[in-house]
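Asks: On the provided structure of chain A, position chain B as indicated by the hints.
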Amino acid sequence: RKEVEQDPGPFNVPEGATVAFNCTYSNSASQSFFWYRQDCRKEPKLLMSVYSSGNEDGRFTAQLNRASQYISLLIRDSKLSDSATYLCVVIPNTGGFKTIFGAGTRLFVKA
Amino acid sequence: DTGVSQDPRHKITKRGQNVTFRCDPISEHNRLYWYRQTLGQGPEFLTYFQNEAQLEKSRLLSDRFSAERPKGSFSTLEIQRTEQGDSAMYLCASSLAGEAFFGQGTRLTVV
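Residue numbers (the numbering used here), protein chains in the order written: chain A, 1 to 111; chain B, 1001 to 1111.
Derived from the structure by calculation, the hints contain no laboratory data.
Errors might be hidden in some of the hints.
Stated by the list, open to error - Interface residues of chain A toward chain B, partial, derived using beta-carbon atoms under 8 Å: (1) Ala29; (2) Ser30; (3) Ser32; (4) Phe34; (5) Pro44; (6) Leu46; (7) Leu80; (8) Phe97; (9) Thr99; (10) Phe101; (11) Gly102; (12) Ala103.
Said to hold, decoys possible - In silico DSSO-like links for lysine-lysine, alpha-carbon gap of 30 Å or less: (13) Lys45/A x Lys79/A; (14) Lys1071/B x Lys42/A; (15) Lys1057/B x Lys2/A; (16) Lys1014/B x Lys42/A; (17) Lys2/A x Lys42/A; (18) Lys110/A x Lys79/A; (19) Lys98/A x Lys1071/B; (20) Lys1057/B x Lys42/A; (21) Lys1057/B x Lys98/A; (22) Lys45/A x Lys1011/B; (23) Lys1057/B x Lys1071/B; (24) Lys45/A x Lys98/A; (25) Lys42/A x Lys110/A.
Note that CB positions come from ideal geometry on N, CA and C, so glycine has one too.
With the rest of the complex left out, here is chain A (with noise of 0.2 Å):
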């Protein structure tokens, strides 16, 4: 099993459409979440950290679910500039600092 697993997609939904992206973790005591945002050809950077009281960033909200592990993504009254590929990103518990990314989930927001 994966460490970090996300459904690849794409997503393809139209402006102003709510969308949601899961991700789950296997180690059971991961320490730190993040969502990061990659554009195409471009690295990724930083979309949000992921608190375990859940947390909102304008239009998008991010949740974290220990006993199940996994975390998610909200993207609400989507934008033709939202689409991008979305990185759940993990720091596990190993007694470091290694951070592992899923492959990405692909949204493409259409007019």
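Replies: Structure of chain B alone, referenced to chain A:
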């Protein structure tokens, strides 16, 4: 520019040649990571350093790959006797606590 910088941005090499890439992290960051990314995949963890110590190395990293961070600042990744399967984007990231910040990557093409 105080972000993570990588050099070169692009490298084309013949199979069997050795190549070396450099990464300069954000200056106060003590952790430095190397990843490899191929088309349609997320970044695959290769290795990471805390200061000058290489704390973990992926099984993906064969004996032909070596990374150093001699003074705990910049790092180099060397690939010996390159193979066509080494063609990929090599990403470097650095962090202090939590999220990692990426450089723009070195795109390697082995012909």
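Asks: If a hint holds in the structure, say so; if it does not, say that too.
Replies: Hint-by-hint comparison with the structure:
{"no.": "1", "hint": "Ala29", "verdict": "violated (16 Å)"}
{"no.": "2", "hint": "Ser30", "verdict": "violated (13 Å)"}
{"no.": "3", "hint": "Ser32", "verdict": "holds (6 Å)"}
{"no.": "4", "hint": "Phe34", "verdict": "holds (6 Å)"}
{"no.": "5", "hint": "Pro44", "verdict": "holds (5 Å)"}
{"no.": "6", "hint": "Leu46", "verdict": "holds (5 Å)"}
{"no.": "7", "hint": "Leu80", "verdict": "violated (22 Å)"}
{"no.": "8", "hint": "Phe97", "verdict": "holds (6 Å)"}
{"no.": "9", "hint": "Thr99", "verdict": "holds (5 Å)"}
{"no.": "10", "hint": "Phe101", "verdict": "holds (4 Å)"}
{"no.": "11", "hint": "Gly102", "verdict": "holds (5 Å)"}
{"no.": "12", "hint": "Ala103", "verdict": "holds (4 Å)"}
{"no.": "13", "hint": "Lys45/A x Lys79/A", "verdict": "holds (18 Å)"}
{"no.": "14", "hint": "Lys1071/B x Lys42/A", "verdict": "holds (29 Å)"}
{"no.": "15", "hint": "Lys1057/B x Lys2/A", "verdict": "holds (17 Å)"}
{"no.": "16", "hint": "Lys1014/B x Lys42/A", "verdict": "holds (25 Å)"}
{"no.": "17", "hint": "Lys2/A x Lys42/A", "verdict": "holds (24 Å)"}
{"no.": "18", "hint": "Lys110/A x Lys79/A", "verdict": "holds (8 Å)"}
{"no.": "19", "hint": "Lys98/A x Lys1071/B", "verdict": "holds (20 Å)"}
{"no.": "20", "hint": "Lys1057/B x Lys42/A", "verdict": "holds (25 Å)"}
{"no.": "21", "hint": "Lys1057/B x Lys98/A", "verdict": "holds (10 Å)"}
{"no.": "22", "hint": "Lys45/A x Lys1011/B", "verdict": "holds (23 Å)"}
{"no.": "23", "hint": "Lys1057/B x Lys1071/B", "verdict": "holds (19 Å)"}
{"no.": "24", "hint": "Lys45/A x Lys98/A", "verdict": "holds (17 Å)"}
{"no.": "25", "hint": "Lys42/A x Lys110/A", "verdict": "holds (21 Å)"}
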